[in-house]
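Based on the provided sequences and hints, a complete structural model is requested.
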Amino acid sequence: MKLIQQQYYTRSKKGVYLNGEGYDTIAVSKNLTQNFVKEYIHPICFYEIPNELELKKEDDKDNFPKILTCINIPLGEMIIGQSIYPTCQLKSDRNA
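The opening residue of the sequence shown carries number 1 in the numbering used here; numbering runs sequentially from there.
Hints listed in this document are in silico derivations from the structure and should not be mistaken for laboratory results. Be a bit skeptical, because a hint or two may be false.
Result set (BS3-like, lysine-lysine): computed pairs, CA atoms no more than 30 Å apart in a straight line [what the hints assert, rightly or not]:
1. Lys38 with Lys66
2. Lys57 with Lys2
3. Lys30 with Lys66
4. Lys14 with Lys66
5. Lys56 with Lys2
6. Lys66 with Lys56
What follows is the structure, encoded as structure tokens:
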């Protein structure tokens with residue numbers, strides 16, 4: 001039996017894989033390898049704003065839907081992810 005592994009991707013001054021500011025993994029379960037994260041998880045780490053919210057320049061975080069992603073990868077495993085559009089990115093604030 002395999003346990004669930006987790007990875008957290010956001011904007012930060014420094015991440016697990018990047019030395020500078022930007023979007024990167026900031027926390028990852030110890031059993032997830034760097035290659036696995038970069039090959040399978042990073043490509044699905046994004047949030048696309050729904051057109052109707054972008055057109056009206058929405059800034060209320062409660063109006064942005066949470067996005068669920070579920071993919072099967074060639075290794076026979078399943079990745080389930082959730083993307084949430086954080087308020088700090090809406091207002092161009094940055095994480096400490």
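Hint-by-hint comparison with the structure:
The hinted pair formed by Lys38 and Lys66 meets the criterion: a straight-line CA distance of about 23 Å does not exceed 30 Å. Only pairs whose Cα atoms come within 30 Å are accepted, and Lys57 paired with Lys2 is rejected, the gap being roughly 43 Å. Between the alpha carbons of Lys30 and Lys66 the distance comes to roughly 26 Å, so the proposed pair stays at or under 30 Å and holds. A C-alpha spacing of about 25 Å is found between Lys14 and Lys66, which places the hinted pair at or below 30 Å, so the restraint holds.
A hinted pair counts as satisfied when its Cα atoms are at most 30 Å apart, and Lys56 with Lys2 does not qualify at roughly 44 Å. A distance of roughly 18 Å separates the Cα atoms of Lys66 and Lys56; the hinted pair therefore holds under the 30 Å criterion.
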